[in-house]
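2 protein chains.
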Amino acid sequence: MQRIYIKDLSKHVGKDVVIEGFVNTLRHQGGIKFMLVRDVTDKVQTVVLKQNTDSFAVVGDLSVESVIKITGLVKEEKQAPGGIEIEVKEVEVLSKAEELPIPVVVEKGAEDVDQTHRFDYRWLDLRNPEKLKIFNVWTELERGFRRFYEKEGFTQIYTPSFMSAPSESGAEVFKVKYFEGSAYLAQSPQFYKQMAMASGFEKVFVVGPVFRAEASYTTRHMTEFTGWDFEVSYIESHFDVMSIEEDLLISGFKQVKESLDLDIEIPVKPFPKISMSEAKAKLKLVGILSEKKGDLSPEEEREICKLVKEESGSDFVFITDYPIDVRPFYHMRHKDNPSLTKSFDLLYKGVEVTTGAQREHRIEVLESQAKEKGMSLDELKNYINFFRYGCPPHGGVGMGPNRMIMKMLDLPNVKETAFLPRDVKRLTP
Amino acid sequence: MQRIYIKDLSKHVGKDVVIEGFVNTLRHQGGIKFMLVRDVTDKVQTVVLKQNTDSFAVVGDLSVESVIKITGLVKEEKQAPGGIEIEVKEVEVLSKAEELPIPVVVEKGAEDVDQTHRFDYRWLDLRNPEKLKIFNVWTELERGFRRFYEKEGFTQIYTPSFMSAPSESGAEVFKVKYFEGSAYLAQSPQFYKQMAMASGFEKVFVVGPVFRAEASYTTRHMTEFTGWDFEVSYIESHFDVMSIEEDLLISGFKQVKESLDLDIEIPVKPFPKISMSEAKAKLKLVGILSEKKGDLSPEEEREICKLVKEESGSDFVFITDYPIDVRPFYHMRHKDNPSLTKSFDLLYKGVEVTTGAQREHRIEVLESQAKEKGMSLDELKNYINFFRYGCPPHGGVGMGPNRMIMKMLDLPNVKETAFLPRDVKRLTP
Chain A
125 MQRIYIKDLS
135 KHVGKDVVIE
145 GFVNTLRHQG
155 GIKFMLVRDV
165 TDKVQTVVLK
175 QNTDSFAVVG
185 DLSVESVIKI
195 TGLVKEEKQA
205 PGGIEIEVKE
215 VEVLSKAEEL
225 PIPVVVEKGA
235 EDVDQTHRFD
245 YRWLDLRNPE
255 KLKIFNVWTE
265 LERGFRRFYE
275 KEGFTQIYTP
285 SFMSAPSESG
295 AEVFKVKYFE
305 GSAYLAQSPQ
315 FYKQMAMASG
325 FEKVFVVGPV
335 FRAEASYTTR
345 HMTEFTGWDF
355 EVSYIESHFD
365 VMSIEEDLLI
375 SGFKQVKESL
385 DLDIEIPVKP
395 FPKISMSEAK
405 AKLKLVGILS
415 EKKGDLSPEE
425 EREICKLVKE
435 ESGSDFVFIT
445 DYPIDVRPFY
455 HMRHKDNPSL
465 TKSFDLLYKG
475 VEVTTGAQRE
485 HRIEVLESQA
495 KEKGMSLDEL
505 KNYINFFRYG
515 CPPHGGVGMG
525 PNRMIMKMLD
535 LPNVKETAFL
545 PRDVKRLTP
Chain B
125 MQRIYIKDLS
135 KHVGKDVVIE
145 GFVNTLRHQG
155 GIKFMLVRDV
165 TDKVQTVVLK
175 QNTDSFAVVG
185 DLSVESVIKI
195 TGLVKEEKQA
205 PGGIEIEVKE
215 VEVLSKAEEL
225 PIPVVVEKGA
235 EDVDQTHRFD
245 YRWLDLRNPE
255 KLKIFNVWTE
265 LERGFRRFYE
275 KEGFTQIYTP
285 SFMSAPSESG
295 AEVFKVKYFE
305 GSAYLAQSPQ
315 FYKQMAMASG
325 FEKVFVVGPV
335 FRAEASYTTR
345 HMTEFTGWDF
355 EVSYIESHFD
365 VMSIEEDLLI
375 SGFKQVKESL
385 DLDIEIPVKP
395 FPKISMSEAK
405 AKLKLVGILS
415 EKKGDLSPEE
425 EREICKLVKE
435 ESGSDFVFIT
445 DYPIDVRPFY
455 HMRHKDNPSL
465 TKSFDLLYKG
475 VEVTTGAQRE
485 HRIEVLESQA
495 KEKGMSLDEL
505 KNYINFFRYG
515 CPPHGGVGMG
525 PNRMIMKMLD
535 LPNVKETAFL
545 PRDVKRLTP
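As they're listed, the protein sequences go chains A and B.
Under the working numbering, the first residue of the first sequence carries the number 125, and numbering increases by one thereafter.
Under the working numbering, the first residue of the second sequence carries the number 125, and numbering increases by one thereafter.
There may be inaccurate statements among the hints.
Repeated chains share a single entry, so a pair holds when one copy, or any two copies, can fit it.
[What the hints assert, rightly or not] Straight-line distance between alpha carbons at most 27 Å, and here's what the computed BS3-like set of lysine-lysine pairs gives:
(1) Lys327 to Lys193
(2) Lys327 to Lys378
(3) Lys505 to Lys301
(4) Lys381 to Lys497
(5) Lys378 to Lys275
(6) Lys417 to Lys199
Honestly, the hints are just simulated from the structure, not real lab data.
Predicted, not measured: the structure shown is a model, and the values here were computed from it.
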């Protein structure tokens, strides 16, 4: 008999079925044993009667979170959760669980398990159906993004993690022993997606891991995380890039909302946009001042989002026109105000989730900006050469879906959005 | 005026338009200058007349592969390639090209440029529209796969590259300096996607880079490449896994064929399946014998594919039931013949493109199989613990899209399918 999903049981009332899943809870009550069984779709109460001696013995010996296969009769039962119950005819133990180091079924009012301990047993932690939801949000968000990319004719490229030299600066880059020499792990696909522009690809997107050797212990940093990037050619300014990102996010958020019936707000185009100097002026008015000149502290990010939310109702806000000293050398500068870059960050519910810009594609300008930042043109030559033989004007963004999903689901820590978080202290399981 | 794509020019005959692209070729002919301009969609001939003095001067100074923006009148012109021509009114140079180190437009009959030299200038190499096609095949193949995953309710997971210990064996793993200690780069998401099964996710897929420190110099090895994996729970045997892969591949191949109008054969379900011992018997009949007992040499892979193609017309063939000594400890074994694993490889046009199996989910059997292979249970504990608290029976595959696309497009080398190939000798550009 073919196994069916628990969510489909109501279509099989009065019939024998096979279900498979984890033993969510076990209850012995005299001549009856109750098991709540959980599969990926739902839970159901199953009942084993004493007269079914074989099954009764098997279940008597069972432990919570073991994996079982049940053959039984589907019955309507008002007392049971969901109004459906299975009378067990046969039970097979597929995998028996040892005593659990952390609870999988969290009782109401139970104390929270420490995050470090939970992450040590991440595979048990993830058995909570609320955790699976996080990865279904990832799946649907990326699906919505890809629908947009498909409609707009983007090509996907897979950029390498291995680089011959640290990309933008030597700091915060992981070093790999590479046969007789060394390699470095890419901090972003930035240079490579720009290369695709020099190759005439015009519209590309990248999905892949990025690596940051930051000895940072905050709730929003990991050493490895997923980066979502796109880059497009023949733009007029960074406003074209923001417009594309707006459509992309709307497509992604719609997909999440519709397919998972999640209570999130679909953003509306155009998103609010304020320049860095405007943002600083607004913050000054409410008495939030930071040491960071031309950039926003985490507190300022939260506060500016709060102000924009009050003014416009939007969860998103673009901060534009960052000054050159807080931006990398390859950001294009304003013709009429060369101390400002044609760049932006996107904030979502108080956290930065994107950095974007129009890039400098004119080799002589690019070289002069690199020199101005004290960088060695020789060390950058593998990058700068991309612009030597013709390159279209272009721009793009790097997005952090972990942070986006953290805020979307109101999670306390970016690590909760990672299947297996990696940080300074954690490389296992 | 908004830029339009060259492929759409025929809709604008008699009107002024803006196009942007690379100067594909330049020809000066007395009082007329001809430029073939190329964008991501097509090429078009543009004509600059002497009386347009400004533009005439600009183009006189131009080099091939520079990037330009042209405003001009679209005209029907039988002499021009495609029957369309643009009479240039204004030309703006967006980025001027220096003298090219490799030809971008390959003249008929010209000698091939050495692969190493081409890869040194990969961004110019990729300007050939035939190269872009490779990445459009990637994009569509993955799109078709994802359509299948969507229909079947798979969840996407992003597995980490950083591991605390070499995964399956110490050999061929890259070591990373990780703060005060070391980390290793995952050779596959194998252990992690199995962990998702222990978490009750039931159906997952993974797309991401995998790393192999193989000092190999063949046409089918790279140190970093893209892996496509899936894993599913509650299977009966490896035949369930093969059935899923068949549907997946059909979905992917259809998408490529339909969206790119590519002349490829859509496989038909069920694919031919022969056991390793049958394969060896077949090969013996045609006099192909290898040293490899229970496994196929590259020559044998080619030959068995040829035989199957002749017999059944199929480009694909599953080789099943590999003996235990050529398979890892975590492959499940046949109950009635414990010297054989419930595993398979999928060959496509002479090359292995997939390895799959039902995994051993019973912890006591898994431990005994690991010991039998001489492995340390202590070193494997982060993996084996996944099976300690209940784990469904499961299986899955690891696919190599690079090889699949190499064969699909009849390319001579797997590196041609990588946006930026990485091997023992190459970490740039």
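Evaluation of the provided hints:
1. Lys327 to Lys193: between (49 Å within a copy, 17 Å between copies)
2. Lys327 to Lys378: Cα proximity of lysine 327 and lysine 378: in one copy and across copies (22 Å, 24 Å).
3. Lys505 to Lys301: Both ways: lysine 505 and lysine 301 sit 23 Å apart in one copy and 26 Å across, limit 27 Å.
4. Lys381 to Lys497: neither (44 Å within a copy, 49 Å between copies)
5. Lys378 to Lys275: both (15 Å within a copy, 18 Å between copies)
6. Lys417 to Lys199: Neither: 68 Å inside a chain and 55 Å across chains, both beyond 27 Å.
Figure legend: structure checked against the earlier numbered hints; hints not met, in rising order: 4 and 6.
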